[in-house]
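Going line by line, the protein sequences match chains U and L. Numbering-wise (this note's numbering), the first sequence opens with residue 114 and increments by one. Numbering-wise (this note's numbering), the second sequence opens with residue 31 and increments by one.
Please keep in mind that the hints were generated in silico from the structure rather than gathered at the bench. Beta carbons are placed, not taken as given, at the ideal position from N, Cα and C, and that holds for glycine. Among the hints, a few may not be true.
[Unchecked claim] Facing chain L, from chain U, some residues (calculated, C-beta under 7 Å):
1) Tyr145
2) Pro157
3) Phe159
4) Phe178
5) Gln213
6) Ser218
[To be verified] Subject to a maximum C-alpha distance of 20 Å in a straight line, what follows is the list of computed SDA-like cross-link-like pairs (lysine to any residue):
7) U:Lys167 to L:Asp137
8) U:Lys150 to L:Gly70
9) L:Lys39 to U:Pro153
10) U:Lys151 to L:Gly129
11) L:Lys39 to U:Lys167
12) U:Lys150 to L:Leu99
13) U:Lys118 to L:Gly70
14) U:Lys150 to L:Arg140
15) L:Lys39 to U:Arg130
16) U:Lys167 to L:Gln131
[Said to hold, decoys possible] Cβ pair distances, simulated, as ranges:
17) L:Ser97 to U:Ile131: 43 to 51 Å
18) U:Glu128 to L:Asn130: 31 to 39 Å
19) U:Pro226 to L:Gly46: 46 to 54 Å
20) U:Lys167 to L:Asn58: 44 to 52 Å
21) U:Glu155 to L:Ala112: 44 to 52 Å
22) L:Glu103 to U:Arg212: 27 to 35 Å
23) L:Arg140 to U:Ser123: 21 to 29 Å
24) U:Ser187 to L:Ser97: 16 to 24 Å
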Amino acid sequence: DQQVKQNSPSLSVQEGRISILNCDYTNSMFDYFLWYKKYPAEGPTFLISISSIKDKNEDGRFTVFLNKSAKHLSLHIVPSQPGDSAVYFCAARDSGSARQLTFGSGTQLTVLP
Amino acid sequence: NAGVTQTPKFQVLKTGQSMTLQCAQDMNHNSMYWYRQDPGMGLRLIYYSASEGTTDKGEVPNGYNVSRLNKREFSLRLESAAPSQTSVYFCASSESFWGNQPQHFGDGTRLSIL
Numbered sequence: 114d115q116q117v118k119q120n121s122p123s124l125s126v127q128e129g130r131i132s133i134l135n136c137d138y139t140n141s142m143f144d145y146f147l148w149y150k151k152y153p154a155e156g157p158t159f160l161i162s163i164s165s166i167k168d169k170n171e172d173g174r175f176t177v178f179l180n181k182s183a184k185h186l187s188l189h190i191v192p193s194q195p196g197d198s199a200v201y202f203c204a205a206r207d208s209g210s211a212r213q214l215t216f217g218s219g220t221q222l223t224v225l226p
Numbered sequence: 031n032a033g034v035t036q037t038p039k040f041q042v043l044k045t046g047q048s049m050t051l052q053c054a055q056d057m058n059h060n061s062m063y064w065y066r067q068d069p070g071m072g073l074r075l076i077y078y079s080a081s082e083g084t085t086d087k088g089e090v091p092n093g094y095n096v097s098r099l100n101k102r103e104f105s106l107r108l109e110s111a112a113p114s115q116t117s118v119y120f121c122a123s124s125e126s127f128w129g130n131q132p133q134h135f136g137d138g139t140r141l142s143i144l
């Protein structure tokens, strides 16, 4: 059973507009959430994270929102740029002793010029 | 600044062969991890090393062994490769296993088993 789900395999957005990537989770023991970006033939690159004690974290064009009651995480990219075209993974960490990261299956973002 | 370096980048094996995937980090991180990524799926944890001298199983450890050689290096060994182990393997490291620090990934090893 997938504990972290990214239900949209792909998303296309016009350059300059907002990109919103979504992630849902089921495990209430998750306490730390991350977003990674991945280009083809490269490893995932860390983008932004948020602790469960917060509901928003910003870093430049990237903002992550956490809604704990809905068990929902989203990444906003404003404004979107063609270089943002990549696969985006959300990940969540268990607060228990294992503290493993569980990854979603990814969303392919395409920013159209 | 190399970060996390994985070797080799590509490998083709025959069923039953063995091989070791190498990983080294130059960020003085305490914790290291091995993941596999299969098509249409997220990364799944194979083994991790919370600190030098310790290793633990992750979600999908069967068919693999690991060695934390020193603080910098963490290797993954396939003793008898099977076609189901065809995948892209990623090594990662983080400053601490316990704190809120992100993991940083290498560029992966693409492994095909015939």
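How the hints compare with the structure:
1. Tyr145: At 5 Å from the nearest chain L Cβ, tyrosine 145 of chain U passes the 7 Å test, so the hint holds.
2. Pro157: Holds: closest Cβ of chain L sits about 5 Å from proline 157 of chain U, inside 7 Å.
3. Phe159: For phenylalanine 159 of chain U, the interface hint holds, since the closest Cβ of chain L sits about 4 Å away, which is under 7 Å.
4. Phe178: violated, 17 Å
5. Gln213: Holds, because the Cβ-Cβ distance from glutamine 213 of chain U to chain L comes to roughly 5 Å (cut-off 7 Å).
6. Ser218: holds, 5 Å
7. U:Lys167 to L:Asp137: This hinted pair is violated, its Cα atoms lying about 31 Å apart.
8. U:Lys150 to L:Gly70: holds, 15 Å
9. L:Lys39 to U:Pro153: The hint holds at about 13 Å.
10. U:Lys151 to L:Gly129: Roughly 24 Å between the alpha carbons, so the hint for lysine 151 of chain U and glycine 129 of chain L is violated.
11. L:Lys39 to U:Lys167: Outside the cut-off at roughly 39 Å; violated.
12. U:Lys150 to L:Leu99: Status violated; Cα separation ~29 Å.
13. U:Lys118 to L:Gly70: holds, 12 Å
14. U:Lys150 to L:Arg140: Holds: lysine 150 of chain U and arginine 140 of chain L sit about 19 Å apart, inside 20 Å.
15. L:Lys39 to U:Arg130: Outside the cut-off at roughly 36 Å; violated.
16. U:Lys167 to L:Gln131: With a Cα-Cα distance of about 16 Å, the restraint between lysine 167 of chain U and glutamine 131 of chain L holds, given a limit of 20 Å.
17. L:Ser97 to U:Ile131: 43 to 51 Å: holds, 46 Å
18. U:Glu128 to L:Asn130: 31 to 39 Å: For glutamate 128 of chain U and asparagine 130 of chain L the Cβ distance comes to about 33 Å; the hint holds.
19. U:Pro226 to L:Gly46: 46 to 54 Å: The hinted range 46 to 54 Å holds for proline 226 of chain U and glycine 46 of chain L, with Cβ atoms some 49 Å apart.
20. U:Lys167 to L:Asn58: 44 to 52 Å: violated, 28 Å
21. U:Glu155 to L:Ala112: 44 to 52 Å: violated, 27 Å
22. L:Glu103 to U:Arg212: 27 to 35 Å: violated, 22 Å
23. L:Arg140 to U:Ser123: 21 to 29 Å: Between arginine 140 of chain L and serine 123 of chain U, where Cβ atoms are some 23 Å apart, the hint holds.
24. U:Ser187 to L:Ser97: 16 to 24 Å: violated, 39 Å
Violated hints for the displayed structure, listed by number in ascending order: 4, 7, 10, 11, 12, 15, 20, 21, 22 and 24.
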